[in-house]
Amino acid sequence: MLTITDLKGDDYKEYMLNDVVKVDEKPNNAANYYAKKDGLSPFPNSFRMEGEAAKALAIEGDFEQNKEIFVKLYDGFDPTTGKALVQNQKKKYKVGDKIKGRKLKKGDKEIGKEKPRRSGQDCTFSAPKSISLALAKAMADGDEAVASAILQAHREAVSYAMEEIGTGVIIRAGKGGKQKLKGNKIIWASVDHFDARPVDDNAPDMQLHTHACAFNMALGADGKWRTIDHLSMNQQIKSGGALYRAKLAEGLQKAGLAVKNVREMGEFGATESVTMELQGIGEEAIKTFSKRQKEVLDVMIAENIPASQMRNKVKEIRSGKGAMSGVEMMEEWQRQMDALPADQFKFREKQQNELSEIITDQQILDYAHDFKKKTFLTEYDIKAVICQVYTGHSDAITKIEETSRRILQGELVANCSKKNNLHETLYCSKKLAVADKLIRDTVEKANSKNSGKHQIKEEIVKAMVDKFQKERGFSPSKEQLEAISKLTGTESISVLRGLAGSGKTTACQILAQSFEKAGYKGYGCAMANDAARKLEEETGLKSSSVVKLLGDIERGAVKVDAKTFIYIDEVGMVDLDTTAKLINIQRETGCRMILAGDSSQLSPVGPGSGLRVLEECIN
Numbered sequence: 036m037l038t039i040t041d042l043k044g045d046d047y048k049e050y051m052l053n054d055v056v057k058v059d060e061k062p063n064n065a066a067n068y069y070a071k072k073d074g075l076s077p078f079p080n081s082f083r084m085e086g087e088a089a090k091a092l093a094i095e096g097d098f099e100q101n102k103e104i105f106v107k108l109y110d111g112f113d114p115t116t117g118k119a120l121v122q123n124q125k126k127k128y129k130v131g132d133k134i135k136g137r138k139l140k141k142g143d144k145e146i147g148k149e150k151p152r153r154s155g156q157d158c159t160f161s162a163p164k165s166i167s168l169a170l171a172k173a174m175a176d177g178d179e180a181v182a183s184a185i186l187q188a189h190r191e192a193v194s195y196a197m198e199e200i201g202t203g204v205i206i207r208a209g210k211g212g213k214q215k216l217k218g219n220k221i222i223w224a225s226v227d228h229f230d231a232r233p234v235d236d237n238a239p240d241m242q243l244h245t246h247a248c249a250f251n252m253a254l255g256a257d258g259k260w261r262t263i264d265h266l267s268m269n270q271q272i273k274s275g276g277a278l279y280r281a282k283l284a285e286g287l288q289k290a291g292l293a294v295k296n297v298r299e300m301g302e303f304g305a306t307e308s309v310t311m312e313l314q315g316i317g318e319e320a321i322k323t324f325s326k327r328q329k330e331v332l333d334v335m336i337a338e339n340i341p342a343s344q345m346r347n348k349v350k351e352i353r354s355g356k357g358a359m360s361g362v363e364m365m366e367e368w369q370r371q372m373d374a375l376p377a378d379q380f381k382f383r384e385k386q387q388n389e390l391s392e393i394i395t396d397q398q399i400l401d402y403a404h405d406f407k408k409k410t411f412l413t414e415y416d417i418k419a420v421i422c423q424v425y426t427g428h429s430d431a432i433t434k435i436e437e438t439s440r441r442i443l444q445g446e447l448v449a450n451c452s453k454k455n456n457l458h459e460t461l462y463c464s465k466k467l468a469v470a471d472k473l474i475r476d477t478v479e480k481a482n483s484k485n486s487g488k489h490q491i492k493e494e495i496v497k498a499m500v501d502k503f504q505k506e507r508g509f510s511p512s513k514e515q516l517e518a519i520s521k522l523t524g525t526e527s528i529s530v531l532r533g534l535a536g537s538g539k540t541t542a543c544q545i546l547a548q549s550f551e552k553a554g555y556k557g558y559g560c561a562m563a564n565d566a567a568r569k570l571e572e573e574t575g576l577k578s579s580s581v582v583k584l585l586g587d588i589e590r591g592a593v594k595v596d597a598k599t600f601i602y603i604d605e606v607g608m609v610d611l612d613t614t615a616k617l618i619n620i621q622r623e624t625g626c627r628m629i630l631a632g633d634s635s636q637l638s639p640v641g642p643g644s645g646l647r648v649l650e651e652c653i654n
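Numbering (our numbering) for the sequence shown: 36 to 654.
Everything labelled a hint here was simulated from the structure, so no lab data went into it. Treat the hints with care, since some could be wrong.
To be verified - Okay, derived cross-link-like pairs now, DSS-like style, lysine-lysine, Cα gap no bigger than 27 Å in a straight line:
| # | residue 1 | residue 2 |
| --- | --- | --- |
| 1 | Lys-577 | Lys-556 |
| 2 | Lys-273 | Lys-217 |
| 3 | Lys-583 | Lys-466 |
| 4 | Lys-616 | Lys-466 |
| 5 | Lys-259 | Lys-210 |
| 6 | Lys-140 | Lys-90 |
| 7 | Lys-118 | Lys-90 |
| 8 | Lys-577 | Lys-616 |
| 9 | Lys-126 | Lys-210 |
| 10 | Lys-48 | Lys-118 |
| 11 | Lys-465 | Lys-497 |
| 12 | Lys-126 | Lys-48 |
| 13 | Lys-552 | Lys-569 |
| 14 | Lys-127 | Lys-138 |
| 15 | Lys-434 | Lys-217 |
| 16 | Lys-594 | Lys-583 |
| 17 | Lys-480 | Lys-569 |
| 18 | Lys-409 | Lys-466 |
| 19 | Lys-521 | Lys-598 |
| 20 | Lys-102 | Lys-144 |
| 21 | Lys-133 | Lys-144 |
| 22 | Lys-488 | Lys-552 |
| 23 | Lys-453 | Lys-465 |
| 24 | Lys-434 | Lys-465 |
| 25 | Lys-480 | Lys-513 |
| 26 | Lys-577 | Lys-492 |
| 27 | Lys-488 | Lys-616 |
| 28 | Lys-129 | Lys-210 |
| 29 | Lys-569 | Lys-453 |
| 30 | Lys-144 | Lys-126 |
Use the sequences and the hints to build the structure in full.
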């Protein structure tokens with residue numbers, strides 16, 4: 036797992052420097068977690084300077100005794116010469132500077148104060164729990180060879196992922212930073228931690244993770260240092276984590292250990308993401324030493340917090356690291372591990388790898404669209420899926436690189452001129468590109484200024500509203516009436532937005548009756564059969580599943596023409612290709628079509644979101 040956090044201020048600097056001390060100066064230092072016990076030595080180099088750019092400054096290697104280098108780089112200065120490597124290093128506000136559009140003048144309280152600066156980004160790589168358990172168990176058993184191999188595999192995986200992330204970061208050059216350059220070299224400081232945050236009065240669980248502090252500077256091809264566009268690093272969070280796991284699996288297998296690919300777990304069970312675990316570590320052991328994860332998930336479920344906010348909740352309920360020494364922690368872990376059945380720790384026995392099935396490039400691209408629920412993908416969206424497919428397989432890293440080049444430069448992706456906010460090329464499968472274009476072209480033509488043939492007379496709509504009020508005993512809300520007025524207007528294709536419970540069904544009932552009164556034949560549909568039955572019960576509109584309606588129209592069992600009204604419910608669940616098939620019915624017949632849903636509520640069942648494309652086309 037990889038998390039990336041922007042760094043400002045000196046708090047993080049102090050946090051990192053707390054680990055840059057000798058083992059005997061701090062009892063609970065990371066290196067002392069595995070201090071001499073039964074003849075075993077602590078792991079060396081728990082704090083390291085890394086990256087191709089570090090070589091340019093001649094500071095690569097062990098960093099435990101040199102705090103000043105970290106401080107200088109964190110503040111943006113060359114640790115040898117003291118010169119600023121990038122702009123805005125420790126600069127202070129002066130008369131004439133602007134703060135939020137306000138120009139400072141003499142006497143303003145901000146004069147002389149330091150300007151805030153992004154010092155870097157913390158990239159935290161957390162090993163899967165089974166690997167943290169294996170490391171602790173190997174040390175408890177005195178198996179320094181296996182323990183060292185596990186830690187080395189983790190460190191090499193972090194370094195590899197960080198170098199790959201570095202090649203994707205963007206630096207700004209030219210006047211106003213308008214020129215964006217890639218292919219740069221970065222520098223970071225790595226510190227290893229071995230435990231999670233404690234829960235209640237329990238000892239912290241073992242959790243191998245490395246904080247890689249990427250300083251806010253990159254060395255460009257022209258030999259100049261410039262600041263990094265932090266968004267270019269943030270967007271690599273999924274691919275960076277996936278590359279880390281792929282390289283980690285490779286290192287573990289070289290050490291004679293086996294791995295398996297499993298679904299990541301969220302607060303409501305398995306997710307669509309694939310992660311990697313070590314073979315031979317039992318579920319009971321993982322559950323026993325996952326108290327921190329359980330604490331977070333319990334709070335999220337109790338407070339009904341969505342998965343998208345999990346990271347914020349983790350920070351909110353975090354406690355201090357505690358004062359337990361490394362030796363005490365190791366003894367407590369050993370006590371808890373000894374209490375578990377022996378079959379929970381069989382990772383050193385010969386095991387078989389359990390790996391993902393190798394799929395075609397087209398399937399990878401389709402899955403990337405499906406996983407991201409987006410029509411247009413970054414290269415990192417695609418690479419994250421490629422990593423999931425090849426992790427654990429022989430020559431995985433080589434195959435990941437080859438497959439990435441083959442897909443991004445091959446014929447499966449459309450010739451797309453679309454860019455993201457970093458001006459990077461976006462990618463789309465040819466199939467989805469065709470669907471996207473069909474939707475956009477059809478909506479533009481159908482809703483042009485010359486349309487209006489589906490407009491319903493006001494007196495008909497008013498009569499149906501009055502009829503509804505008389506039958507149901509209440510009046511539609513102001514928002515519902517406004518929606519009904521718009522949807523009986525000049526458009527041929529419309530989107531009725533709204534979350535569950537916002538009154539779409541009430542609006543649909545009045546709309547259906549209004550169109551039928553005007554001589555239209557109406558049909559409703561939804562992705563699920565149950566949803567279609569409910570739609571028919573609540574609105575009286577003859578309804579079926581989307582698949583059935585499409586099939587009935589293709590077979591001629593349902594006739595559609597310009598006097599047909601089609602209402603599609605929960606369209607947020609409809610993927611891009613299926614949405615295009617529905618829109619194509621309107622293109623061929625000129626019928627009236629209303630699609631109801633909200634793209635933030637439900638995810639499509641297949642690649643791409645048709646509703647998001649429609650929302651971009653229709654105001």
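Evaluated hints:
no.: 1; hint: Lys-577 / Lys-556; result: holds (10 Å)
no.: 2; hint: Lys-273 / Lys-217; result: holds (19 Å)
no.: 3; hint: Lys-583 / Lys-466; result: holds (22 Å)
no.: 4; hint: Lys-616 / Lys-466; result: holds (12 Å)
no.: 5; hint: Lys-259 / Lys-210; result: holds (15 Å)
no.: 6; hint: Lys-140 / Lys-90; result: violated (44 Å)
no.: 7; hint: Lys-118 / Lys-90; result: holds (17 Å)
no.: 8; hint: Lys-577 / Lys-616; result: holds (20 Å)
no.: 9; hint: Lys-126 / Lys-210; result: holds (20 Å)
no.: 10; hint: Lys-48 / Lys-118; result: holds (20 Å)
no.: 11; hint: Lys-465 / Lys-497; result: violated (46 Å)
no.: 12; hint: Lys-126 / Lys-48; result: holds (18 Å)
no.: 13; hint: Lys-552 / Lys-569; result: holds (22 Å)
no.: 14; hint: Lys-127 / Lys-138; result: holds (14 Å)
no.: 15; hint: Lys-434 / Lys-217; result: holds (23 Å)
no.: 16; hint: Lys-594 / Lys-583; result: holds (13 Å)
no.: 17; hint: Lys-480 / Lys-569; result: violated (33 Å)
no.: 18; hint: Lys-409 / Lys-466; result: holds (13 Å)
no.: 19; hint: Lys-521 / Lys-598; result: holds (18 Å)
no.: 20; hint: Lys-102 / Lys-144; result: violated (33 Å)
no.: 21; hint: Lys-133 / Lys-144; result: holds (13 Å)
no.: 22; hint: Lys-488 / Lys-552; result: holds (15 Å)
no.: 23; hint: Lys-453 / Lys-465; result: holds (14 Å)
no.: 24; hint: Lys-434 / Lys-465; result: holds (23 Å)
no.: 25; hint: Lys-480 / Lys-513; result: violated (30 Å)
no.: 26; hint: Lys-577 / Lys-492; result: holds (23 Å)
no.: 27; hint: Lys-488 / Lys-616; result: holds (22 Å)
no.: 28; hint: Lys-129 / Lys-210; result: holds (22 Å)
no.: 29; hint: Lys-569 / Lys-453; result: violated (40 Å)
no.: 30; hint: Lys-144 / Lys-126; result: holds (16 Å)
Of the numbered hints listed earlier, those contradicted by the structure are 6, 11, 17, 20, 25 and 29.
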